[in-house]
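Undergrad: Listed below are the residues making up each chain.
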Amino acid sequence: MIASARWRAAPARPRPFFLWLFLPSLAAALLFVAALCEVAQYAFRVFTPGSLEAGGFTLENFARLARPIYLSVLADTLLISLATALFTLLLSYPVAYAMVRAKSDFVRSLIMLLAVTPLFTGEIVRTYAWILVLGSNGFVNSVLKAAGLVNAPLTMLYTRFGVIVALVQFSMPVMIIILAAALAHVDRNCERAAANLGAGPAKVFRHVTLPLTLPGIVSGTVVIFAWTMSAFSTPQLVGGGKVLMISNLVYLQGLSSFNFPFAAVLSLLALAVAIGALGSMRPFVSRLERKAAVN
Amino acid sequence: MKGEASPAVELIKVSKSFDAVQAVRELSLTIRQGELLTLLGPSGCGKTTLLNMLAGFEVPSAGSIVIGGRDVTAVPPYRRNTGMVFQNYALFPHMNVFDNVAFGLRMRKMAKFEMARAVGHALEMVKLEGLASRRIRQLSGGQQQRVALARAIVIEPKVLLLDEPLSALDRNLRGAMQVELRELHERTGLTTLFVTHDQEEALGLSDRIVVMSRGEIQQVATPLELYRLPANGFVASFIGEINRLPPARCRTEGNDVVFEIAGGIVLRARKRNQPTIGAGQETHLFVRPEHLTLVEGDRPAPNRVSCRVTAHLYQGAYTLTRVDAGPLGNLQLRVLGGEVIAAAPIGSQIKISIDLDKAVILAG
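Read top to bottom, the protein sequences are chains A and B. The numbering used here numbers the first residue of the first sequence as 1 and each following residue consecutively. The numbering used here numbers the first residue of the second sequence as 1001 and each following residue consecutively.
Treat the hints as calculated values from the structure; they're not laboratory data. Cβ coordinates follow ideal geometry from the N, Cα and C atoms, glycine included. You may find that some hints are simply not true.
To be verified - In silico DSSO-like cross-links for lysine-lysine, where the CA-CA straight-line distance does not exceed 27 angstroms: (1) B/1158 x B/1109; (2) B/1358 x A/203; (3) A/242 x A/103; (4) B/1013 x B/1109; (5) B/1271 x B/1351; (6) B/1013 x A/203; (7) B/1127 x B/1158; (8) B/1127 x B/1109; (9) A/203 x B/1158.
Said to hold, decoys possible - Every beta carbon over 10 angstroms from chain B, so not counted as near; a handful from chain A, in silico: (10) 52; (11) 67; (12) 133; (13) 190; (14) 194; (15) 208; (16) 212.
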């Protein structure tokens, strides 16, 4: 996905298991494409209020996208996804660094355990936990009040801020694993060589560690961005209907209004944006890599 | 080289332990200005730890390190001005050749035009002109080695530290690089500390060699001295091939020293100026394979010994012949050419002569 120019195609060799590995993936791909076609065909059909049956051909559903309310949901979704990806990166890098560079095995295992455990609690459980923490009488507000820092409770639940906080926590384990893999591949001698040549710790990081982990940084950010684009239960519960992301809108249209055609249009839009984001990442990465290399 | 007034590097009673393991013990060593000094020893002898302490990657548990007159014991690596070439080269894979070599100069905030000239000069020194814009991945192992060298010498370090830089190259290239390293050293005049476990490299390259074992210095000497006059049994058997004879009791007889070995064997050597060898003392004799010779027929020769041929190892220019010399144990001879294989077949009885005048004699 994020292969940079330095990864050359392997020379052609006989691949004895190619067919056996190819067939199952082909089957999975066909099923996925079939489901996608089923969704896509709805997008071009007339919605009849009060009926589950869609009517004849129309482009009306696409024209409806241009309404400001829907555009603002799309903008919100992109904004929340981008913010989540960036904050997840900023918070995960130090954790991954500490984990990979820990001198004692015990500390390394402890960080690993703490970082990855949230993966094994369900999304709903974690989201409810955030509702308890962020609520008006939740943990954060109780602490702030007790400390005398605020008079009235801060509103965090049902805001974009609250949704992003929950999504960041939700995304961190995956980001930490991706970054840890990248950091573990950095040759420590390269960092030592830089220090030997006169680079202090900050410069070693800026000129060696950071550029060498750049592929991991970018793939982590892209994965979390695309993942957050399709977030549903976190914005649904923490956002409480006040923060709408595309998935929530699809849910509203499809399962509250039973407007399958417009829900299909929104789904296709979300898919297109996600694919577009992934695709535009590649030239961006190679330019970034080249830039990081020079200075 | 330059004057000997101030040493380039001084290690004063340096020790380093990792948990319970003592890697370096109270080691003191002086590196002269402009010399190429080699740290030689088996793996685990503490030579790499010593190198890392000089570069500042390890902090000594005790003792102090002085580089260019400045105590750097507590100075971090990036303020020491040492130039290190790593065993795996540790080139920056995300930079091209020019940027790798220029890295140290950028850290020193050198002006652009001056930097280009310095990098060009360094690349010329290692014979890599014209490859400045290559990516590291496009270079061969030997070329990467040269980039690593250029990167280290371009900053004009107080001391150049080479950590087994030739071990990753194949044999032919290694020989050529040894010659080039020596030439480079002559041209730059940089004080150089070379770490290796390869005695041939050490003998061929060095002004002086430090033989280390178990965190301690066994001997510091020029290659010639080290080969001819090893200070102890460890150095004698570590440097080159050597035969260790059974312990002998010695006495003087006129101008000769006589060694009596269990089994009734008596060997003679001319008296030499070595005060440690006294009458009646137990001594250890070490003889190089090239100082054992085949004796044809009944020709008289000093220290004739009968023995049986047990193996031949043909090496091209010479043959290593193993013999069973009864009370003297198994010995190894170095015989020029390969004729000996036919002349003295395995199992045959032969006579050899032991030249004890060139032997290493250590007091027991």
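Undergrad: Each hint needs a verdict: does it hold in this structure or not?
TA: To see whether the hints hold, each was checked on the structure:
1. Using a Cα cut-off of 27 angstroms, the hinted pair residue 1158 of chain B and residue 1109 of chain B holds, with the two alpha carbons roughly 18 angstroms apart.
2. Annotation: proposed proximity of residue 1358 of chain B to residue 203 of chain A is violated, straight-line Cα distance about 57 angstroms (limit 27 angstroms).
3. Distance hint between residue 242 of chain A and residue 103 of chain A is unfulfilled; the C-alpha atoms sit about 46 angstroms from each other, more than 27 angstroms.
4. Pair hint residue 1013 of chain B plus residue 1109 of chain B does not hold up; C-alpha atoms about 36 angstroms apart against a cutoff of 27 angstroms.
5. Taking the CA atoms of residue 1271 of chain B and residue 1351 of chain B, the gap is about 25 angstroms. The hint holds against a cut of 27 angstroms.
6. Annotation: proposed proximity of residue 1013 of chain B to residue 203 of chain A is violated, straight-line Cα distance about 33 angstroms (limit 27 angstroms).
7. Distance hint between residue 1127 of chain B and residue 1158 of chain B is fulfilled; the C-alpha atoms sit about 23 angstroms from each other, no more than 27 angstroms.
8. The straight-line distance between the Cα atoms of residue 1127 of chain B and residue 1109 of chain B is roughly 26 angstroms, inside the 27 angstroms bound, and the hint therefore holds.
9. In summary, the hint linking residue 203 of chain A to residue 1158 of chain B is supported, as the alpha carbons are separated by about 22 angstroms, within the 27 angstroms threshold.
10. Every C-beta of chain B lies more than 10 angstroms from that of residue 52 of chain A, the closest at about 57 angstroms, which supports listing it as non-interface.
11. The claim that residue 67 of chain A lies off the interface holds: its Cβ sits roughly 47 angstroms from the closest Cβ of chain B, which is beyond the 10 angstroms cut-off.
12. Interface exclusion of residue 133 of chain A from chain B stands, the closest Cβ pair being 41 angstroms apart, more than 10 angstroms.
13. With a closest Cβ-Cβ approach of about 5 angstroms to chain B, residue 190 of chain A is found to fall inside the 10 angstroms limit, against its non-interface label.
14. A beta-carbon of chain B comes within 10 angstroms of the beta-carbon of residue 194 of chain A; the shortest separation is about 7 angstroms.
15. With a closest Cβ-Cβ approach of about 6 angstroms to chain B, residue 208 of chain A is found to fall inside the 10 angstroms limit, against its non-interface label.
16. Listed as a non-interface residue, residue 212 of chain A fails to keep its Cβ farther than 10 angstroms from every Cβ of chain B; the least gap is roughly 6 angstroms.
Against the hints set out earlier in the document, violations occur for numbers 2, 3, 4, 6, 13, 14, 15 and 16.
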